[in-house]
Amino acid sequence: MPKILTRMGDGFLAEVSEGELRKDLEEGTKDAAARANIPPLNEDELRHLYDIYRSSAKFTSVDIGDEVVLTYDAGTLKIRRVGIDVGRIHALQIYERLLGADTMELAHVDYSYKAVKPIVGNEQPILEQALLPSTIPLFYGAMPNLGIYSQPDGPVPNASELMPMGKIAEARAAQEEAVELAVKDMVYVGSAMYESGADGINFDTTGAAGDPDFLATLRASKILKAKYPDLCVELGMAGEFILGMHGKLEFEGVRLAGLYPHEQVKLAQSAGVSIFGPVVNTNTSKSCAWNIARAITFIKPCVANATIPIHANMGMGVGGAPVMDNPPTDAVSRASKAMVEIGRLDGL
Amino acid sequence: MQMTRGMRIREAKAYVAQKLSVSVQDLADPVRMAEVRDDLDLGLVRSLPHRVKGIDAKFRIAELLDIGINCVNRFRDRVGKKFK
Amino acid sequence: MGKILTRMGDGFLSEMTEGELQKDIEEGTKDAAERAGVPPLSADELKHLFDIYRSPAKFVSVEPGNEIVLSFDAGTLKLQRLGINTGRIHNIQIMERAMGADTMEMGHIDYSYKAVKPIVGDEQQEFEQALLVSTLPLFYGAMPNLAIYSQPDGPVANSAELLPLGKIAESRAAQEEAVELAVKDMVYVGSAMYESGADGINFDTTGAAGDPDFLATLRATKTLKEKYPEMCIELGMAGEFILGMHGKLEFEGVRLAGLYPHEQVKLAQRAGVTIFGPTVNTNTSRSCAWNIARAITFIKPCVANATIPVHANMGMGVGGAPVVDNPPTDAISRASKAMVEIGRLDGL
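Chains as they are written, first to last, in our numbering: chain A, 1 to 348; chain B, 1001 to 1084; chain C, 2001 to 2348.
So that you can see chain A by itself, here it is in the shape it has in the complex (with noise of 0.2 Å):
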């Protein structure tokens, strides 16, 4: 029985059966499932997976007429990060003229809120530069990322340090106030990224530091599109479960601990988010076939309770790529193909 080349969630190549393939598929809409107590992935839909992930090809790609849009989190960065040092404007360029990008983000190299605040007055006058050559639609973007605000590099007492000592009241009271921070931090930025002329704003990471975290983007972006109604605000997620580190915090009176993509996207509606990014964090140790098995699994009715654009985070670690650095484009590739085709996304 021939074999299939296929990789690991660690990205390393491995080879499986057919029979080795069909039921990783199986297994990783079941786990997605049995977790967030949807409905697993019907037959179809797995022979449609499994025929993608047999595949010989280097590269698949959607059929011709299934293209979808694609938007960028920490975009200016990624060149930076591979050593090509060119300004952010250039960077801009690259992305659009050279490798074709529907969308693109401005982003600060200290990639949160907090830190972009203090040098707001910089970053806007490169945005203003960077709106004049680029003709894409361009978001400013960071991370709410409420690990910052502990001391000892930010105010508020470490509730990750408070917890282990069981004082669970003051680790709450430290991340409520740190969520009050956040959203000043974020309305701050985020309004005088617009009125420098921001095409949207970009949330990434949402829900990182856990239910806080999730708590302060949702309440930053209405309170942000009841100022600027036209804004547009992407929300990007950490992950595919809101980790409930505090554990009690609502939002428009739902416990926001726990909640899985299908319940987040209702929430980011409601807080008025134009474009929500679902994540689906990949498992190092189960091969990509299961990772995007369990992926789309989750991804499906979240689209389906979405009555706005849905664009799935994929990348390193996530909505079923490997966790590496540079992904292997055999991997991305069938991975976003697979998210395209049955997860009906509108973006990625």
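Everything labelled a hint here was simulated from the structure, so no lab data went into it.
For glycine and all other residues, C-beta sits at the position ideal for the given N, C-alpha and C.
One or more of the hints may lead you astray.
Residues on chain A that point at chain C, a partial pick, calculated with CB under 7 Å [what the hints assert, rightly or not]:
#1 56
#2 84
#3 94
#4 161
With a cut-off of at most 27 Å between alpha-carbon atoms, the simulated DSSO-like pairs for lysine-lysine come out as follows [what the hints assert, rightly or not]:
#5 C:2266 with A:78
#6 C:2227 with A:58
#7 C:2227 with B:1053
#8 C:2117 with C:2058
#9 A:3 with C:2047
#10 A:58 with C:2047
#11 A:58 with C:2078
#12 B:1081 with A:78
#13 A:227 with B:1053
#14 C:2184 with C:2227
#15 C:2058 with B:1019
#16 C:2058 with A:58
#17 A:78 with C:2078
#18 C:2266 with C:2030
Add chains B and C to chain A, keeping to what the hints say.
Quick look at chains B and C alone, frame taken from chain A:
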């Protein structure tokens, strides 16, 4: 269209195609779209003299798609003020 | 019967039936076979080609294990043409680190050896710096471009003006004089760049001005290889057929006018060329499938006759790719896959 009107991908493609008087299939055809972009001053991949570039193209995009584009509106306000 | 979405040589989309696609491929190979006196593609090869061109995928690829290497002409100029005004060293880094290029080429904006000659000192210093920050093999390249030796811009009488006047002998004399000047310039620039550390020298669009252009390049190659036996010389052609602008020029006893790729490569090898880049021009009135069948028919015997690597030219209007500034990926990927898998190339 997703950013300004919250359209889903199929709806967005249909809308843009209709506004540009092309088929949905044409939208992802770089050869056809190069013609359309040149005819309608929407900006080209190849950078050529005297062809519309950058934010100029965005002005045209806003007009053709009948959408408000933030940077276009602000640019217009800034430039407009100077010549009042 | 399902229609197949494909492209014409001018880049425009068209729909064909399976029968029409089959017919085009058969006619394309016949055309090349008759012109060059080479075998047409076999039934298996035609079927393979048919399968590639009837795919509905946006982008096709080779199978893992069949990857080849890429060399580039006008390397650093390509980003400039897109309006990205980064310097050439950054362009090399962009190609190496963001675009995954296997090799790169630095080129002067006025991409001819005659134009580089007066500024070679400037080119050398920048090239030396580029070598410090790049890892991939870095070529220096330009075109022989014999036409610019003609008046009014160059020193020799204009043979294209003399020929219609019936002044054949004078026209030939002018071309022979241009050959001498071009050889001198190519050896001068090639030597300088090699001594500055170039991993290779590229002679691009060789033969563009016909048999004198081809002769000059063969002679320059021979001189350079005697001077620098370790030098890598890449010789890329301008067209599938050497135009007999002079008609009587020979290299080592072989008349150059009328040679096809399978004959060109033999002379290139004798001159000391390291990598040969045959070219087949695209007919804009025919389909890309017709064009690729034709192109591979020319290329196959060239590869068979070669003892050196063969990197067929693929890009705007050559190698089965459409004649458009930015060839669509669907057309390029099909042509590349076909060239590699059926043409058995060493690179593109």
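Would you check the hint for residue 2266 (chain C) and residue 78 (chain A), treating anything up to 27 Å between C-alpha atoms as holding? Not OK: residue 2266 (chain C) and residue 78 (chain A) at ~45 Å, beyond 27 Å, violated.
Does the alpha-carbon distance linking residue 2058 (chain C) and residue 1019 (chain B) stay inside the 27 Å limit? Roughly 24 Å between the alpha carbons, so the hint for residue 2058 (chain C) and residue 1019 (chain B) holds.
Taking only the CA atoms, is the gap from residue 1081 (chain B) to residue 78 (chain A) under or equal to 27 Å? violated, 37 Å
Check the hint pairing residue 78 (chain A) with residue 2078 (chain C) against an upper bound of 27 Å on the C-alpha distance. Cα-Cα ~21 Å, so holds.
Check whether the Cα positions of residue 3 (chain A) and residue 2047 (chain C) lie no farther apart than 27 Å. With Cα atoms ~25 Å apart, residue 3 (chain A) and residue 2047 (chain C) stay inside 27 Å; holds.
Satisfaction of the residue 56 (chain A) interface hint, Cβ to chain C closer than 7 Å: With a closest approach of 5 Å, the residue 56 (chain A) hint holds.
Restraint check for residue 2227 (chain C) with residue 58 (chain A), where alpha carbons must lie at most 27 Å apart: Violated, because 42 Å separates the two Cα atoms, which is more than 27 Å.
Next item in the hint list is residue 94 (chain A). Is there a CB on chain C closer than 7 Å to its CB? holds, 6 Å
Between the alpha carbons of residue 2058 (chain C) and residue 58 (chain A), is the straight-line distance 27 Å or under? holds, 14 Å
Given the hint that residue 2184 (chain C) pairs with residue 2227 (chain C), does the C-alpha gap stay at or below 27 Å? Answer holds: residue 2184 (chain C) to residue 2227 (chain C) is near 13 Å, not above 27 Å.
Can the restraint linking residue 2227 (chain C) and residue 1053 (chain B) be considered satisfied, given a maximum Cα separation of 27 Å? violated, 48 Å
Next item in the hint list is residue 161 (chain A). Is there a CB on chain C closer than 7 Å to its CB? Since the shortest Cβ distance to chain C is 40 Å, the answer is violated.
Going through the hint list in order, the structure does not satisfy hints 4, 5, 6, 7, 8, 12, 13.
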